[in-house]
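**Student:** For reference, the chains in residue letters:
There are 2 protein chains.
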Amino acid sequence: MNNNSRSQNTSLGIVGFGAFGQLAARHLGQHFKVSAYDPSPGLASVAKQLGVPLASLRSVSQADVILIAAPVSSFEQVVSEIAIACKPGALIVDVGSVKVGPAEIMRRLLPKHVDIIATHPLFGPQSAINGIEGLKIAICPIQGKQHVRLAAFLRNALGLTVIMTTPEDHDREAAVVQGLTHLIAKVLLRMGPLPTRMTTKSFDLLSEAISMVQHDAPEVFEAIEKANPYAGVVRRRFFDLATSMSVELESALRTSPHNKTGQ
Amino acid sequence: MNNNSRSQNTSLGIVGFGAFGQLAARHLGQHFKVSAYDPSPGLASVAKQLGVPLASLRSVSQADVILIAAPVSSFEQVVSEIAIACKPGALIVDVGSVKVGPAEIMRRLLPKHVDIIATHPLFGPQSAINGIEGLKIAICPIQGKQHVRLAAFLRNALGLTVIMTTPEDHDREAAVVQGLTHLIAKVLLRMGPLPTRMTTKSFDLLSEAISMVQHDAPEVFEAIEKANPYAGVVRRRFFDLATSMSVELESALRTSPHNKTGQ
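Protein chains in written order, with UniProt numbering: chain W, 1 to 263; chain F, 1 to 263.
Derived from the structure by calculation, the hints contain no laboratory data. Careful: at least some of the hints might be erroneous.
Copies of one chain are not kept apart here, so a pair can be met inside one copy or by any two copies together.
[What the hints assert, rightly or not] Subject to a maximum C-alpha distance of 20 Å in a straight line, what follows is the list of computed EDC-like cross-link-like pairs (lysine to aspartate or glutamate):
no., residue 1, residue 2
1, LYS112, GLU133
2, LYS186, ASP240
3, LYS136, GLU168
4, LYS186, GLU250
5, LYS48, GLU248
6, LYS136, ASP204
7, LYS201, ASP216
8, LYS201, GLU173
9, LYS48, GLU219
10, LYS145, ASP64
11, LYS112, ASP64
12, LYS87, ASP115
13, LYS186, ASP204
14, LYS136, GLU208
15, LYS201, GLU133
Model, not experiment: these values are computed from the prediction.
So that you can see chain W by itself, here it is in the shape it has in the complex:
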């Protein structure tokens, strides 16, 4: 594995060929010999279009680098199957939105002879629509030393901004970042179609933020809220602050003289 780009001889096995797995194949195809595994039907044509052969989990798990982009519900099962098939010296990387739980699972189930890096690309197909240069990725080294070279590759070959962190620090910050974005988006979506005509710049930004996450799979929201150990605190704080603000406002507006003008 070189710093700037890898030889087409390095094999990359993508486990889970959904929206993110396909995005990864699109950007990593020129750097690796890519294959992918996914149990879902109907992926043949997109795989063909991307030039990625679909293979069994066992076969994909024998790659030099294994990228786990599997859904939350099958993560532990998938890791235990990779654990049996992977070869010594392999690099195993996951890409989930939450890091404490998956890092613990990978550390517990994978053999000592592989390197493990937990990552969270802070983007998805929606934000990567104009390319991934300058986008952010959080990296948590779990086992082995390959994170140094991976970080250099992500910076130099893909142009990503790399944030080195730990699963705990990641989840603490992501609980606020993703927790709040999704909570606000969910509340606003329930308010019905938002205005688009008489809008301010700040409201347009708010609408854009919401539209970026509103098509996320329900599992993403569930993962953020359920699997991030810090999500509950952030969620309850948000709702508590909203409630106390509501009470304050209603009482302030009741007691003060009604003012019919506005600026």
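Fit chain F to the given chain W structure using the hints.
**Tutor:** Here is chain F on its own, set in the frame of chain W:
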């Protein structure tokens, strides 16, 4: 008054030389002979810098066009003083965030021989920092026919996007647009400093939206929440939806098996 630009001989009196009055002077100085009135001390140097003479309310009220950018608290008083001093055929325009109340006050207090247009520029000094071209302004004709020429001027000379509407339609839509932006900003500001490192694109947009309104004068929020007749419904709906979502989430997360992985 020409369609494309006005002669320097048309006089414009700005009543209220705060942040918005100054912004107006900056963009209208080349089209009008501008003077301004403001009872606050300490405005001499900014007025000088903008080349705008400060004058009495009585003198400013004798202009061909009077722009009322006064704070909510003095709006009715200011309009009643303008009513005495303004000349026949004058055009009187306000620029507040709420339109039903101010339109009613202007219609009630101003003489029949002037034209009245209630407007809401959907921007402020913050969003106009890179110029005003393409920004939006809502216009509600209240009395007379000068709105046709005003709209043409705003479009052609200033490059604004003009939205013709009524005070009621404006306030109904603004209650959602401005009400939600300010409510969300206020709740998030109470959460403390927001993360800036491990952020997603959607969270960055959210943060930007908040930073645009967080320095608004407290009167702006008060005006939106108190003076917009539709604000209460929007506010209560937002808080009710937040509360019911909180209850739903807590119960869903309690009953379902804890899933420690995330994607």
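**Student:** Compare the structure with each hint and give your call.
**Tutor:** We went through each hint and held it up to the structure:
Taking the shortest alpha-carbon separations for LYS112 and GLU133, neither the intra-copy value of 34 Å nor the inter-copy value of 61 Å comes in at or below 20 Å. Within a single copy, LYS186 and ASP240 get their C-alpha atoms as close as 17 Å, and across copies as close as 13 Å, so both meet the 20 Å cut-off. Taking the shortest alpha-carbon separations for LYS136 and GLU168, only the intra-copy value of 18 Å comes in at or below 20 Å, while the best inter-copy value is 44 Å. In this assembly of identical chains, LYS186 and GLU250 lie within 20 Å of each other by CA distance solely across copies; the values are 15 Å between and 24 Å within a copy.
For the identical chains of this complex, LYS48 and GLU248 are neighbours neither inside a copy (59 Å) nor across copies (42 Å), given an alpha-carbon limit of 20 Å. Taking identical chains as interchangeable, the C-alpha atoms of LYS136 and ASP204 lie at most 20 Å apart only when they sit on different chains, with a minimum of 12 Å there against 23 Å within one chain. For the identical chains of this complex, LYS201 and ASP216 are inter-copy neighbours only, at 14 Å across copies versus 24 Å inside a copy, given an alpha-carbon limit of 20 Å. Proximity of LYS201 to GLU173 under the C-alpha cut-off of 20 Å is restricted to the inter-copy arrangement: shortest distance 15 Å between copies versus 27 Å within a copy.
Proximity of LYS48 to GLU219 under the C-alpha cut-off of 20 Å is found in neither arrangement, the shortest distances being 27 Å within a copy and 60 Å between copies. Taking the shortest Cα distances, LYS145 and ASP64 sit within 20 Å of each other inside one copy (15 Å), while across copies they are farther apart (75 Å). For the homomeric pair LYS112 and ASP64, the shortest alpha-carbon distance inside one copy (15 Å) is at most 20 Å, but the shortest distance between copies (83 Å) is not. Taking identical chains as interchangeable, the C-alpha atoms of LYS87 and ASP115 lie at most 20 Å apart only when both belong to the same chain, with a minimum of 11 Å there against 82 Å between chains.
Taking identical chains as interchangeable, the C-alpha atoms of LYS186 and ASP204 lie at most 20 Å apart whether they share a chain (17 Å) or sit on different chains (17 Å). Within a single copy, LYS136 and GLU208 get their C-alpha atoms as close as 19 Å, and across copies as close as 17 Å, so both meet the 20 Å cut-off. Proximity of LYS201 to GLU133 under the C-alpha cut-off of 20 Å is restricted to the inter-copy arrangement: shortest distance 13 Å between copies versus 26 Å within a copy.
This entry does not satisfy hints 1, 5, 9, going by the numbered hints stated previously.
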